[in-house]
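Read off the chains here:
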Amino acid sequence: MPQAKRLLSYLGFAAVAVYCLAPFYWMAISAFRRPQDQFDNSIVPSRWSWENFSAVFSGDNGFGRALLNSVIVAGTTTVLTLLIGTFTAYALARLQFRFKNAVLGLIVATSMFPGISQLVPLLKLFTDIKWINTYQAMVLPSLGFALPLSVWLLTAFFRQLPFELEQAAMVDGCTRGQAFRKIIVPLAAPGVFTTAILTFIAAWNEFLIALSMVNKKEMQTATVAISKFTGVSGFDQPFGTQMAAGVVVTVPLIALVLVFQRRIVAGLTAGGVK
Amino acid sequence: MTATERASAAGTPAAGPPRKRGRDVQGTKRLAALLLSPTLLVLALVIGYPVLAGFRESLYARGEGLDADGFVVEGDRFAGLDNYTAIFQGDRADAFWNAFSNTTFFTLTTVVLETVIGVAMALIMHQAFRGRSIVRASILVPWAIPTAISGLLWRWIFQADGAANALLRQEILWTADGFPAKMAVVIAEVWKTSPFIGLLVLAGLQMIPRDVYEAARVDGAGPVQQFWRITLPLVRPALLVAVLFRMLDVLRMFDLPAVLIGVNQKSVETLTMIAWFEASNLRYGSAAAYATVLFLYIALIAYLFVKLLGADIIGEARQHGRRERRRRA
Amino acid sequence: MRRIPLIGGTPLASAVVCAALALSLSACGGDDGGGSKGGTGAALEGRGPITFVTGKDRSGYLQKQVDGWNSEHPKEQVRIIELPDEPNDQRQQMIQNATTKSDAYSVLSLDVVWTAEFAANRWLAQLPKDQIDLSKMLPATITTGQYRDKLYAVPSASDAGMLYYRKDLLEKAGIADPPKTYDEMWADCEKVRKLPEGEDVDCYFTEVNKTESMTISAVEAIESAGGSIIGEDGKPALNTPQAKAGIEFLVNAKKEHMPKEAVTLDTEGGRRYFQSGKLLFQRQWPYQYALANSDDGSSKVAGKFAVAPLPGPAGPGVANLGGHNLAVSAFAKNKATSLDFIKYLAGEQSQRANLLATSKAPTIAALYDDPEMVKKFPYLPVLKAAIASAKPRPVTVKYGDVTAAIQGEMYDAVTGKKPVDQALTDLQGKLQPLTAQ
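Protein chains in written order, with the UniProt record's numbering: chain A, 1 to 274; chain B, 1 to 329; chain C, 1 to 437.
I should point out that these hints are in silico values taken from the structure, not numbers from a laboratory. Please note: incorrect hints may appear among the correct ones.
[As the list claims (entries may be wrong)] Example chain B residues on the side facing chain C (calculated, C-beta under 10 Å, incomplete):
#1 V72
#2 D91
#3 A93
#4 Q159
#5 T175
#6 D249
#7 N264
#8 F277
#9 K307
Glycine included, each C-beta is placed from N, C-alpha and C at the ideal position.
All chains, please: the whole structure from these sequences, using the hints.
Take a look at the structure:
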C-alpha cells in the first residue's frame, strides 16, 4: 500500500514535470538548432549549435545590460510591492475600520481596466516631469499593476492564520508591530514568498511601459531588447534568437527561485523563532 | 473614486503618533489609514488618473473629418454617450457580440481548466518528496516565460507543419481563423497560467498547520474527506483570490491571441482587442468607451463571483471583527 | 511577415504589445489650438543634435553611416533610437510620441503606407521640394512620400513583389521562358506536374492569410486585372468587372493551385515552403533571393530558381509597392539639421552602400543599372521594372481601417465563406464611409 502510494506520487510528479516542461523543452531545443535547421521537427537537434545564443548576446543588442536593467526594475518593484502591500494587507486583515470592503473593492477594481488604457496619460505625465529614460518611470507603473493582486493575496494569507496567536503575543507584551513581524510574517512565509515570486515575474515580463518610457538603449529592459531582435533581412523572423532569449530570461529566474526558496523561507521563519 | 480620495485624505494627517498601542478605535482608524495610504496613492496615480482621463475621453469625439487641405480637423466635440451607443449599432454590434462571446468563452474554459489543473498540481507538489524543490521550481517555467515569447513558441508548435500536428498525426490548420484557433489559444493560455493557481494553492497548503490533519486522522477521516473537509476550506481564500485575478486577467486578454493567431481574427478577437483596434486607428473616444464597457462587464462578473463563492473572503473578517469586539466589550 | 506595416496580424510578439496606443488620450490635450506646424510648410529651422527613429538595423551598418555624419557635424550629432522590429509597434511608438507632442523623435523612418495618416494628422513637417533632389529617384517611390501633392517624406528604400519560379523544373518540362499570363502559368504547372519530380509540387502561392499581406495580394490581383481598389476619383471601385476578375483569380488560385495550408502561411511560411522544394511559382519579396540561394542546407532550391515580373490576366501583372521613407517630426527641434540628415541618408552614396551592406532595394534608379550591383544582385533589373510599374496600396488617412476591411472581406471570399460578388459589395459598402472625405 505505501509502495503503491509512493509510485502514484512519483507518477504525479512526472506528469506535472512533463506538462510544464514539454513546451519549454521544445523552446530550448529550437534555440539549440542551427539557424538553417530552425524549423525541423526532430526531437533532438540534428546539429547542436550555440549560434542563437551568441546572437542574443551579440554586441549591438546590449542584452547583458538589458538583463541588468530588468533585474533592477523587477527587483525594486518586488521589494516595494511587498513592503507597501504587506502594510495594506495587514490593515485589511487585522484592523477594524469602516469601508473595509469598499477599499478591497476599490483595489481590485483597478485590475479591471485593459492595461493599454493607462499608457498615454502616463507617458504624458512622465514626459512633463522629465522621467523619461529613468528607472522610476518603469517601477512606479509596475508597482501599480502588481499591488492589487499582492494586497488581496497577502490579505487572504494573513487571514488564514489564527487571530489568537497574535493576541497572545500582544498579551505577552509585544507591540502590534512586533507581534506582526515575529508571529504573522514567519507563519505566512510561504504565502509572502509566493507573492514575491509572482510580483517579480510580472514586473520582469512587463513590456509596454518599459518600451514607451525609455528611448535610450542603456536603459531598456530585456523584454524590450528582445522585441528589437531581427532576422537578416527584415522579413525573416529571428525565431531561433527569440527562443534562445526566452531561455536566457527564464532559466536564471528559475535558478534564482531555487536558491532563494529555501533561504528566504528559512530566513523569514527563523525570525519567528524568537 | 470618491472612496480613494476619502481614504487618502484620511491618510495624510495620520502623521501623528502611529504606533501607540491602538486600543482605542480612533488609533486603529488612524493606523489603518496610514497603512492603506501608500497603496491607494500609487493606485490613484498609476491607474485612477489614467482611467478617469479615459472616461472623459469616452464622452468626446475628435478627428472626425478632413479640412479643405486634407488635414484632420482639430479639436474635440462633446459626444455624450454616442461612443457607447455606437458600440451596439450595425456592423459594430456584430463585432462587439462576437468579441463578447469569445471573451466569455475563453474565460469560462480557461479558468475552469486552470483551476482543476492548478489544484491538482498543488496537491501533488505538497507531497513530501526528494527533489521536490526542483519540480516545484519547474512549474514556474510556463508562467515565467514572457507571453510574447511563449505566444511565438505556440505559434510555431501550431503551424501546419509544426509539432502539434506531427504529434497528433493530423493536418489541422490551427492558426487560420476558425474554431481550431480558439482551441490553440485555450491550450496555450491554460498551459501558461495553471502554474499561477498551482503556486498559490500550494502556498495555502503549506500554511495549514499539520496538527489539523492529525486531529482529522484521529477522527478517522479518509484522504478524500480530508480534502473536502479540511484542505479545501482552508486554502479556499487563497484559491478564490487566485481564481478571481485569473478571471480579471483573462477577461482582458490581448497578447496571447494577438501573437498566436493575429489581430482582427473573428474567431479569437476579444473585447480588449477591439479597444486596441479602435485606439490604434486614433478613435480614442471609442476605444475608451469599449474599455469602460469591458470594465463594467468585468466588475459585474467579479461582484457575482465574490457574492456567490467568495463571500467569506470578506465576510470572515467581519465575523472576526465582531468576535473581537465582543471580547473587548 | 514582418516588415509589412500596420494592422493585420503580424505574428510577432509584440504586435500585441502594441496595444499601447492608449485607450485614453484625453490627457494629451484634445484642444490643441495651434501647433499645426505640420501643414503650413514653414521653413525648417534650427540646428543641433537630433535623433533618428527607425526599426532596428540588421547589418550594423546604420551606425557606421551615422558615425560618418557625426564626425563631419560635431554640433549636429545624430542619435539612433531603435524601435521594435514589428512595424505595428514602430507605428504605435511614433504615434504615441506625436500625440504627446514629444520632441524626442526628430527624423522618422516611415513605412510607405503611413504617409497619408501621419501627414493629415499634422505629425510631419512639410518638406521643401526645391531643396531636395528627387530627380534621380524612381517616380513611383516619390509618390509614396507625398500627400495631396505636397512632399512629406523622402523615399530611402523600396520594395516590390516578383515571381519566383523553379527554373530547373520548367527546363525539364521543356519550357524556356517564365509565364507572362495566368493561363500560361497554369499550363506550365500542368506540364511540370506530369514530370516525376513535379508530382508533389504545388503550383502557386501568394499570401492569403488575414494580414496586411492579404491586402497586398488583393491590390496586386485587382490592379493586374486593370482595376483599382480606390478609383481615380478617390471613391472605392470594387463594383467594377476588373475588381471582380482580379478577386476571382485569387479565389480560383487558392482553390485550385495553392498548397492546402495556404491560409496559414505568412511571408516566412511561404519562403520555407518554396525552399523546401514543394512550390513551382511564388509571388514573393526580393529578400528571399539571397536566403533561398544559401548553400548552408536550409534551402533545397539553391541555384534552381529565377525571378520574373508577376504575370497578369493578359500580360505582365502589376506589383505592389513597399519600402520606407524618411520624414521630419512636426514636433522636432532642429528641423534644418533633420532635413540635411535625410538628404545624406537618402543620397546615392548612402543608398549604394546600403544596398551592398543590407541588400535593401534602393530608390535611386541608376543603382539598378550599375553592372557591379547587378552582378551581386541579379534580380535588380526585374525588380526595377516591377517598381517602375508598381501601384501603391490605397492612399488614405484611415489606412488602418481600410486595410482591415479589405483583409476581412477578401479572406471570406478566398476561403469560400462568401461569394466573390457579395464580398466585393460588402467591401464597397465598408470603404465608402472610410474614404468619403
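So, going through the hints one by one against the coordinates:
no., hint, result
1, V72, "holds, 5 Å"
2, D91, "holds, 8 Å"
3, A93, "violated, 15 Å"
4, Q159, "holds, 7 Å"
5, T175, "holds, 5 Å"
6, D249, "violated, 14 Å"
7, N264, "holds, 5 Å"
8, F277, "holds, 7 Å"
9, K307, "violated, 29 Å"
Hint check: violations occur at hints 3, 6 and 9; the rest are consistent with the structure.
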